[in-house]
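Kindly produce the complete structure, drawing on both the sequences and the hints.
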Amino acid sequence: MKAYFGRRYMLSASHRLHAPSLSAAENRAAYGKCNNPHGHGHNYFVEVLVGGEVHPETGMVMNLVELDAAVHARVLDRFDHCNLNLDPLFVNLAPTTENLCRAVHCLLQEALPAGLLDRVRVEETENNFFECSGE
Amino acid sequence: MIYLTRRATFSAAHYYWNSAWSEEENQKIFGRCSNRNGHGHNYTLEVTVAGEPDPVTGFVLDLKGLKDLIEREVMKAWDHRHLNLETEDFAQTIPTTENIAIAAWKRLEKGIGASGAALSRVRVYETAEIFAEYRGEA
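Chains A and B, in that order, are what the protein sequence lines are.
If you're matching positions, the first sequence starts at 1 in this note's numbering and goes up one per residue.
If you're matching positions, the second sequence starts at 1 in this note's numbering and goes up one per residue.
These are computed hints drawn from the structure, not numbers from a lab.
Heads up, some of the hints might be wrong.
Label pairs and their computed distance ranges (CB to CB) [stated by the list, open to error]:
(1) B:T48 with A:N127: 37 to 43 Å
(2) B:V56 with A:N92: 55 to 61 Å
(3) B:M1 with A:E110: 33 to 39 Å
(4) A:T125 with B:D62: 32 to 38 Å
(5) B:T5 with A:E26: 27 to 33 Å
(6) B:R7 with A:G134: 24 to 30 Å
(7) A:V65 with B:R7: 26 to 32 Å
(8) B:V56 with A:G41: 50 to 56 Å
(9) A:N127 with B:R7: 15 to 21 Å
(10) B:A118 with A:G134: 25 to 31 Å
(11) A:V65 with B:A138: 24 to 30 Å
Using N, Cα and C, we set each Cβ at its ideal position, and we do this for glycine too.
Structure, rendered in structure tokens:
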């Protein structure tokens, strides 16, 4: 039987939304206060959903310890308490939560067993969240 | 199609143990969850049903009926119980969050089908950070 297992993690990071291809005025218009030159930060919640057969011996889709290890190694160790703009992924890409969500999905897809990752959801605040299923 | 979700909470004890394995193996795979004295959680169950709103009442299904069904089928069986020791669902099945979601689906499916709506998803939170869901897939 196919079931899904989800786990939530928090990471705190700073960012500044700024597109290098836009002028200062255009950046200000596009991103508003998120374009503040000195940046700002969020407590992001990253929700990882894996889906697959429930293993008959363990009753699990995936061992939580292995999922935690992958998320820590690939995502939290990389982004938590960091400035997202300084990460190589965001040198030429605005660190919007859409782009962060897609980056997390890519990093985890490489790290998890094939076909297991169903969806990544990143909550920027209580009121904003973004999801990526790798489509 | 409209999806409607009802939430309910229950508190229960459990442990993870595969009797085909040695104590060391259980400890290695399940860690602290294999402690045979058990531990417990405040579980949150989310039941999502799908259907078209009735043209007269505007309801996908009667929420009171859904509440009563969850109470009768799940809460009465699991709330303030030891899942391994006191429920038929987990006499032979390890009460992982995944298996709890599947067992809740089985308990609710028939009663919701009778209402005209269809069970779409069961999600079980073991803690605020850990959840499992079952969508009726084989």
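Satisfaction of the hinted span 37 to 43 Å by the C-beta atoms belonging to B:T48 and A:N127: violated, 22 Å
Range agreement (Cβ of A:N92 with Cβ of B:V56, hint 55 to 61 Å): This hint holds: roughly 57 Å between Cβ atoms.
Whether the CB-CB distance between B:A118 and A:G134 falls inside 25 to 31 Å: holds, 28 Å
A:V65 versus B:A138 beta-carbon gap, inside 24 to 30 Å or not: holds, 28 Å
Satisfaction of the hinted span 26 to 32 Å by the C-beta atoms belonging to A:V65 and B:R7: Given range 26 to 32 Å: holds, Cβ gap about 28 Å.
Range hint compliance [Cβ, B:T5 to A:E26, 27 to 33 Å]: Given a distance of about 41 Å, which is not inside 27 to 33 Å, the answer is violated.
Hint check for B:D62 and A:T125 - Cβ pair distance inside 32 to 38 Å: holds, 35 Å
Range agreement (Cβ of B:R7 with Cβ of A:N127, hint 15 to 21 Å): The hint (15 to 21 Å, Cβ to Cβ) holds, given that A:N127 and B:R7 are roughly 20 Å apart.
Pairwise beta carbon distance, B:M1 to A:E110, judged against the given window 33 to 39 Å: holds, 35 Å
Outcome for the supplied range 50 to 56 Å, where the beta carbon pair is B:V56 and A:G41: At 51 Å between Cβs, range holds.
Range hint compliance [Cβ, B:R7 to A:G134, 24 to 30 Å]: holds, 29 Å
Hint check: violations occur at hints 1, 5; the rest are consistent with the structure.
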